[in-house]
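Visitor: Spelled out from the first residue to the last, the chains are:
2 protein chains.
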Amino acid sequence: MTIPSEMKALLLTGDGYTRTPSGSALEAMEPYLERGTVAVPTPGPSQVLIKVSLASINPSDVAFIKGQYGQPRVKGRPAGFEGVGTVAATGDEPYAASLAGKRIAFATGLSNWGAWADYSIAEAAACIPLLDTVKDEDGAAMIVNPITAIAMFDIVKQEGEKAFIMTAGASQLCKLIAGLAREEGFRPIVTVRRDEQIPLLKEIGAAHVLNEKAPDFQATLREVIKAEQPRIFLDAVTGPLASTIFNAMPKRARWIIYGKLDAEATVIREPGQLIFQHKHIEGFWLSEWMRQFRDRRGPAILEAQKRFSDRRWSTDVTAVVPLDEAMAKVPAELAKPNGKVFIKP
Amino acid sequence: MTIPSEMKALLLTGDGYTRTPSGSALEAMEPYLERGTVAVPTPGPSQVLIKVSLASINPSDVAFIKGQYGQPRVKGRPAGFEGVGTVAATGDEPYAASLAGKRIAFATGLSNWGAWADYSIAEAAACIPLLDTVKDEDGAAMIVNPITAIAMFDIVKQEGEKAFIMTAGASQLCKLIAGLAREEGFRPIVTVRRDEQIPLLKEIGAAHVLNEKAPDFQATLREVIKAEQPRIFLDAVTGPLASTIFNAMPKRARWIIYGKLDAEATVIREPGQLIFQHKHIEGFWLSEWMRQFRDRRGPAILEAQKRFSDRRWSTDVTAVVPLDEAMAKVPAELAKPNGKVFIKP
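If you read the sequences in order, they're chains Y and V.
Residue numbering for the first sequence follows this note's numbering, starting at 548 and increasing by one per position.
Residue numbering for the second sequence follows this note's numbering, starting at 548 and increasing by one per position.
Next comes chain Y alone, as it looks inside the complex (with noise of 0.2 angstroms):
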């Protein structure tokens, strides 16, 4: 494959993080992102370097371009946490070098050099061989969605309590958590802004739903709280929200942070539940999952492939963007509900 000395690419504008926070969602792509052209990077030993076929847009993408996610920005580098494409170099590392070649999802989390660009780098660790019944949509957007919802899930299923939490339910990721723990008999306790997205959760297989804006939300979690006993709290969250619900959680409660959409202050309300309740505050990241359980990550990978090859699982999607029409035709996309949105090199 011949390699061209330069390429396109969205590249950051913004250096670290931001001072002045704003929402979740994305008003426009000029104060953080510019289409320019930049050289094709040279991947480390432990790095391949992938020839982007398409890369999808998730919420931690908008969230980090603005500089407000966990991990700072470089100017001038593409942004864009995962993709599928083929591996066009690799490092010199034996599992780099054996990815040769191959079709494969990837994340750029660890990497830190992005997906919207006609290529881009990955730690080899961070990419996965695909199956040839995975289509490229599937394959865009599997590792920041449906893995992480199989490892969330499979802490939940190691802790044993049927029930547990989850904050911002109507999200894609939330929606895959209820579905499977519907096939597995778990209770899935969820919290939503809307009253329209209460029936749809049900029927994926949330156990309670909840509208964290409901006069009465208050005393309705008390009270499914206390009959359904949750130990796990998978928030997206953080905030006023987050810490009521852990508040109200009993004994040996452990609140897993993933995200932070709410900008506003965290609280431990009673610092003595950790003390007497043994309850715990812990953070989820899945490639520091998929680095502390190896032996988990194999078979979570296997069960996703599987889901999209035999289209349990699918990918809704709302547009497939040229990365040439980006700038310009993004946000209007991301506004649209219930779908994903692709840039394609």
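The hints are simulated quantities; they were obtained by calculation from the structure and are not laboratory data.
Just so you know, these numbers come straight off a predicted model, no measurement behind them.
Treat the hints with care, since some could be wrong.
Which copy is meant is left open, because identical chains are indistinguishable; a pair holds if it fits in one copy or across any two.
Below, in silico cross-link-like pairs of lysine-lysine (BS3-like), each with a Cα-Cα straight-line distance of 27 angstroms or less [what the hints assert, rightly or not]: (1) Lys798 to Lys622; (2) Lys704 to Lys773; (3) Lys555 to Lys704.
Position chain V relative to chain Y; hints supplied.
Guide: For chain V alone, kept in the frame of chain Y given last:
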């Protein structure tokens, strides 16, 4: 041993938790306790009845009687979390029965029936048969501070990093831990509130002593953390100080909360650190530690008794106050620095 039907005790006048939290000093006994007569309690199957020889007063007792500790008060029950005495009656379970007639140190956190009384009830699992070489004053103050010190330092040793952080550095507990740490070449970083406390703590074994009130505290803290890379944070205070320290700590830091001296809100300043830096927030409670780490319990208890027997450790006694005089005399004795106040039935 003949057991009377009634006994004298210092009884809680409040139920549950206070609605008006105040500081950690005990300005007077009357708002919280009264000297009274109650029936001598009967031990449950896993419990023992102890004829109390001597009971100690800890900061956690003061917080508890004021209704600002993590456990709820029960009006009309005796207060007092630890003491020394002789087992006067036991429940039917074998371990409880095996303690009959023995001189023991005991803790009442699990039984919730206090030690400031002629007789007290403790779970057998919270009783420690004493060597004859351990004095009553040392036995009555052996669990809450010395065994906790050994248990917490055990966590530091398990983690492996030589440096670790403690708030409330001038407390008896932190001094014990600093001494243990010095013996094994560990490097405690401690915070205090007054410059006068610095020389003594350095002498005892602290590698760094930071005055949290100093104008350059934050800069010094960052510098020391950068140089020492501490992973464990043993925290007695919570609130803004603890939030600042945890926020400045490196990847994989564990914030272990065992006290809540600061009534201000405890904020997780950057929840993203839990996600991407694998930081954790948890609690420490000796009762829980003993239950969870049964194999470490025996050696910790033996270690404490050896240290008191050969006088490497000894308890500084400020006063031994007869139970009949406690209502009037305890607050003034507690206000004196650097020693322990005991109640003698």
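Visitor: Checking an output row: lysine 555 and lysine 704, CA cutoff 27 angstroms. Within, between, both or neither?
Guide: neither (44 angstroms within a copy, 52 angstroms between copies)
Visitor: First find the shortest C-alpha distance between lysine 704 and lysine 773 inside one copy, then the shortest across copies, and answer within, between, both or neither for a cut-off of 27 angstroms.
Guide: Classified as within; 20 angstroms inside a copy, 38 angstroms across copies.
Visitor: Have a look at lysine 798 and lysine 622 and pick one of within, between, both or neither, based on CA distance no larger than 27 angstroms.
Guide: For lysine 798 and lysine 622, only the inter-copy Cα distance (24 angstroms) is at most 27 angstroms; the intra-copy one is 45 angstroms.
When the structure is compared with the earlier hints, a violation turns up for hint 3 alone.
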